[in-house]
Each structure stands twice: as C-alpha cells, then as structure tokens.
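Guided by the hints, dock chain B onto chain A, whose structure is given.
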Amino acid sequence: EDQVTQSPEALRLQEGESSSLNCSYTVSGLRGLFWYRQDPGKGPEFLFTLYSAGEEKEKERLKATLTKKESFLHITAPKPEDSATYLCAVQAILTGGGNKLTFGTGTQLKVEL
Amino acid sequence: ETGVTQTPRHLVMGMTNKKSLKCEQHLGHNAMYWYKQSAKKPLELMFVYNFKEQTENNSVPSRFSPECPNSSHLFLHLHTLQPEDSALYLCASSQAGGFGNTIYFGEGSWLTVV
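From first to last, the protein sequence lines are chains A and B. Each residue of the first sequence is one higher than the last, beginning at 1 in the numbering used here. Each residue of the second sequence is one higher than the last, beginning at 1 in the numbering used here.
The shape of chain A in the complex, shown without the other chains (with noise of 0.2 Å):
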C-alpha cells in the first residue's frame, strides 16, 4: 500500500527566510509524485508533477526535488502570499482506468512579516 509522510506539520516563517517541506514516501512503484497548494476553504491547486529521481522544477519561489524515497518543496525568500497548506501525492494507476493518488497529511506554512 503506498504511503505518503509529509514533515513538518507545521512551518512558521519570517519573510525572505528559505526552508524546505519533506515529502517521504513508500510506492510499490512511482508513476509521479505531486505537489499541491491549498488555501483555507479552497480546493488543492496543483503545482508540480515529478516522475524520476534526480527530477527538479521551478516555479516563481518554490524548487520541488525529487529523490527515490522522498521530495523536497524548497521555498526561497518566501512571502506573506506563500502561506498555506502544501500537500504532496503519489499516483497509482487504476486498472479501471483513472489515476488515484495517495496524500500526505501536508505541512502549513504561515510567512509573517
């Protein structure tokens, strides 16, 4: 059964102050590994999608990587507007057809002034 962890749970921020979010995970076989924002009372917004190790991409502020047993979300000089809940997902194939994927419990980010 593949197995999502994310770390930490919560994440408290000045601004400009880089960190990273950890994303371990246990597949029996990686189709892709996703990282998603939420903002409270919102749905998931999608961010990334990595499929091997040593995989990385970028967007404005944030650096998702990719090794074979975890990811790493690495948040540069970050603002106020980062704040919220990043959510990290493996994906499975169904054999009906679609695509499950399995969620972490995500890591909250709140940025202060």
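Just to be clear, a hint being listed does not mean it is correct.
Unchecked claim - Interface residues of chain A toward chain B, partial, derived using beta-carbon atoms under 7 Å:
{"no.": "1", "residue": "S28"}
{"no.": "2", "residue": "G32"}
{"no.": "3", "residue": "P44"}
{"no.": "4", "residue": "N99"}
{"no.": "5", "residue": "K100"}
{"no.": "6", "residue": "F103"}
As the list claims (entries may be wrong) - Below, in silico cross-link-like pairs of lysine to any residue (SDA-like), each with a Cα-Cα straight-line distance of 25 Å or less:
{"no.": "7", "chain 1": "B", "residue 1": "K41", "chain 2": "A", "residue 2": "F46"}
{"no.": "8", "chain 1": "A", "residue 1": "K100", "chain 2": "B", "residue 2": "P61"}
{"no.": "9", "chain 1": "B", "residue 1": "K40", "chain 2": "A", "residue 2": "P8"}
{"no.": "10", "chain 1": "B", "residue 1": "K41", "chain 2": "A", "residue 2": "T5"}
{"no.": "11", "chain 1": "B", "residue 1": "K36", "chain 2": "A", "residue 2": "L47"}
{"no.": "12", "chain 1": "A", "residue 1": "K100", "chain 2": "B", "residue 2": "L27"}
{"no.": "13", "chain 1": "B", "residue 1": "K41", "chain 2": "A", "residue 2": "A10"}
These are computed hints drawn from the structure, not numbers from a lab. Think of the CB as a built atom: it goes at the ideal place given N, C-alpha and C, for glycine as much as any other residue.
Coordinates of chain B only, in the frame set by chain A:
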C-alpha cells in the same frame, strides 16, 4: 476560477435529509473523482469514474451514492448521513489512464451534518 465547478459551496443537513452535491468540469477530461477531506487527515479517495463508468469505490458507505451521467458531470447523493460525515468534499477530474495525468480539483463543498 477553476475548470472544475462545485455546488453548493456550503451545505448543512440533518441526519434524515436527502441532498446532492454537484460537480461540472470544463477541461475536456474523461475521468472524475470524489475525495473527502477531514481535519487532520489526508485526502481520501471515495469514487472514480472513467468514461462515465465507476471504476473505484473505496469502501464508501452506501449512504453516499455517486452518479455520473456524462464525462463532464458528477453528483454525490447524500442520505441519512452521520455527524462524522461532516467534511470538505472535493470533486476532481483528469485525463484517464497514463501516468503523470494531473488531477485538477474544484473548490469543494463544505458539508455539516447536524
């Protein structure tokens, strides 16, 4: 504004009521999903529809009844719910099959069972 629209955004219902959640996707996808999000718990997959056919039921109680009349619309019919069913219900869609197909979520329907 997202490509997946859910209504209503908020719903309060009694344990003996019958209500429905509606989802519509404008992304041209052919797979649709219902997920449940409870406080402090990971998102849980409930149902998957692939080209209108249900392909996954993740041991969901029968008081939740999904319906997918076409690839763009998805419903979740609710009846005789329990207070522990109060949660955020998220609809999502993607292209079917193949790895790397991104799943896009709607804004969710907040359900409170009283």
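- Task: Check each numbered hint from earlier against the structure, then list the numbers of those it violates in ascending order.
- Result: Hint 1 alone not satisfied by this model.
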